[in-house]
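Protein chains in written order, with our numbering: chain E, 1 to 158; chain F, 159 to 609.
It is worth saying that the hints were derived from the structure and are not from the lab.
The C-beta atom is built at its ideal place from N, Cα and C for all residues, glycine as well.
Take the hints with a grain of salt, since some may be wrong.
Each computed PhoX-like pair below joins lysine-lysine, with the alpha-carbon atoms no more than 20 Å apart [claimed, not checked]:
(1) E/Lys42 x F/Lys576
(2) F/Lys313 x E/Lys42
(3) F/Lys576 x E/Lys121
(4) F/Lys303 x F/Lys313
Derived contacts from chain E toward chain F, CB cut-off under 10 Å, selection only [as the list claims (entries may be wrong)]:
(5) Val23
(6) Asp61
(7) Thr90
(8) Gly98
(9) Val113
(10) Phe115
(11) Tyr117
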Amino acid sequence: MGYQLLNVLVFTLFGVFFVVLTVSILSRLLRPRVRDESEPGKLETYECGEPTIGSSWVRFDIRFYTLALIFLIFDVEVAFLYPWSRVFKTLNQHGFGGFIFLEVLVFLCILMVGFIYCWAKGDLDWLKVKPFMKAAVVKEVPEPDAVEAPDGKEEVAV
Amino acid sequence: MNLFVFTNFFAQTGKDLKNLGDYAEAASTKWGLAEPGVYYEGGLFFAGLIKWLLSTTEVSSALPFAGTVNGLMTSLAADGSIFPELGGLLITIGVVFGFVNVFAIGAVWSERKVSAHMQCRLGPMEVGPHGLLQTVADGLKLLTKEDIIPRLADKPLFAIAPAVVFAGVLMRFVPLPFGDKLIASDLDLGLFFIAAVGAVEVLGVIMAGWASNNKWSLFATIRTATQMVSYEIPIGIAFVTVILCSGSFSLMEIVNQQGGSLLSADDGYTYQGWVWHWNLFRNPFMPILGIVYFIASLAECKRAPFDLPEAESELVSGFHTEYSGMRFALFFLAEYAAMYLVAAVAVVIFLGGWWSGIYPLDALGTGPDATIYTKTLGLLVKVGVFLSKAFALVFVQMWIRWTLPRIRLDQMMYVCWKVLLPISLLCFVGSCLWELVSGGASVFGFGIVVE
Chain E
1 MGYQLLNVLV
11 FTLFGVFFVV
21 LTVSILSRLL
31 RPRVRDESEP
41 GKLETYECGE
51 PTIGSSWVRF
61 DIRFYTLALI
71 FLIFDVEVAF
81 LYPWSRVFKT
91 LNQHGFGGFI
101 FLEVLVFLCI
111 LMVGFIYCWA
121 KGDLDWLKVK
131 PFMKAAVVKE
141 VPEPDAVEAP
151 DGKEEVAV
Chain F
159 MNLFVFTNFF
169 AQTGKDLKNL
179 GDYAEAASTK
189 WGLAEPGVYY
199 EGGLFFAGLI
209 KWLLSTTEVS
219 SALPFAGTVN
229 GLMTSLAADG
239 SIFPELGGLL
249 ITIGVVFGFV
259 NVFAIGAVWS
269 ERKVSAHMQC
279 RLGPMEVGPH
289 GLLQTVADGL
299 KLLTKEDIIP
309 RLADKPLFAI
319 APAVVFAGVL
329 MRFVPLPFGD
339 KLIASDLDLG
349 LFFIAAVGAV
359 EVLGVIMAGW
369 ASNNKWSLFA
379 TIRTATQMVS
389 YEIPIGIAFV
399 TVILCSGSFS
409 LMEIVNQQGG
419 SLLSADDGYT
429 YQGWVWHWNL
439 FRNPFMPILG
449 IVYFIASLAE
459 CKRAPFDLPE
469 AESELVSGFH
479 TEYSGMRFAL
489 FFLAEYAAMY
499 LVAAVAVVIF
509 LGGWWSGIYP
519 LDALGTGPDA
529 TIYTKTLGLL
539 VKVGVFLSKA
549 FALVFVQMWI
559 RWTLPRIRLD
569 QMMYVCWKVL
579 LPISLLCFVG
589 SCLWELVSGG
599 ASVFGFGIVV
609 E
């Protein structure tokens, strides 16, 4: 066990070491220095050639937080399933399979209630439309429908 | 435990071995072939070689400092010395890292070639035969490019983000086998480790995008975080289902079980297995789960059609817009390494690992009359089979990239939460039921005997 974890440690350290070696040592010896005084604008933030307006560290959409919350619950669920699945085969051979399967089924059902609630509430849709708003939205955005041309042929309205 | 086996082995036989063949023979009987459940640890294998070399080589006394050198070698090889183990670790990481680099160079070249030929172009042709050295030339160019850190960026975070991404990907190669008994370290936590450490890469990507202080990077970062965490769940459920069927986290164990039934423990690992012993055909739900895993793995390594994080036409270059030179090259290297990694994990958990599915080919080099030559040949065949399967999956990833258009963010959410997650959960419950009813037999009725 200790030797296995030593492997992980050495791999991690080597990954970091390789980045330091190439970026900070090897590349530093080979690359030219950036001279900000002679080339103004080189170190500016790139926004398609336009001068940057304000900082980029801005607030972003609340919907990402909702998703993060749902993710967290499911990630914890999967994390709990790992040890369960590891012992399932052994316990099944000893005749406890049905019992522990029922247990995990209860666990999954509780989560599924939450998942179905989220789905029904529309939190899994990117464009969340509340039920009472649905009629209004449909009325506001008419779909491009076929209009009857005088000569009887169908034309698509633009 | 392995350390104990190792020390004992050399205490008994270390001095009697005549050559490398003898050593490999003895090592295989001691560690691998005759003892199911004990595999080569890459570090211990090379440690064994180092120890053997140190204890058998003797510098002729005619040379200067012969006594000192011999004494040094004896003390380094003595029991209790950690030099062979550390040296073995370093050689292992050299081999794995070398493979990753060569793969990345080859994969970048073949990606360009595949895309070119799909669009009736030739692709790179100038540097080397058929442009083979193009990637090397590009790497050298990136090494000599100036290092630009934007004035407004968060400099420490900006600098360490590539290291976090790169080390995060490299760590996941520890429990990944490359063939029968070829593995850096057969971690007890294997598959769980791969799933858990996958989050480190997301962390690095978020660090890179946030530290850049660039609006493109920020958009891409939020998208990346959403996408990579969302698709971790179908992948996790696929892993859990495979663990449930195999009863082990270890990737070596999962692959070995797909080799079919263990015929006789006296002959070592003699399996009789065919294609239908692979996990993919283990029960009726596994093929569906395999497809779910493959789609989710595309999203996890940010490949098209899930390449929203680096959508060139709308977000310039996504989270590495501000990165240039060597740091950019490292992101690229990590991305291609992750491509191989998800493909290899798919091969391990669904496609039978190094088993070709043809019993006579798989049985090469096992059994009582196997010589060191047939064993070596068998090992090479297994490595070849494993790598060909993984490369074929990588090719499919490229093929999909140049065939399908990019999907929108809401479509990405829809596919993950409303399609893949319910399907994978149903497959999970279905597999549980199948195991309960069949008692561990596969869909073709062949019991898999492992104890």
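Violated constraints from the hint list, given by number and in increasing order: 1, 9, 11
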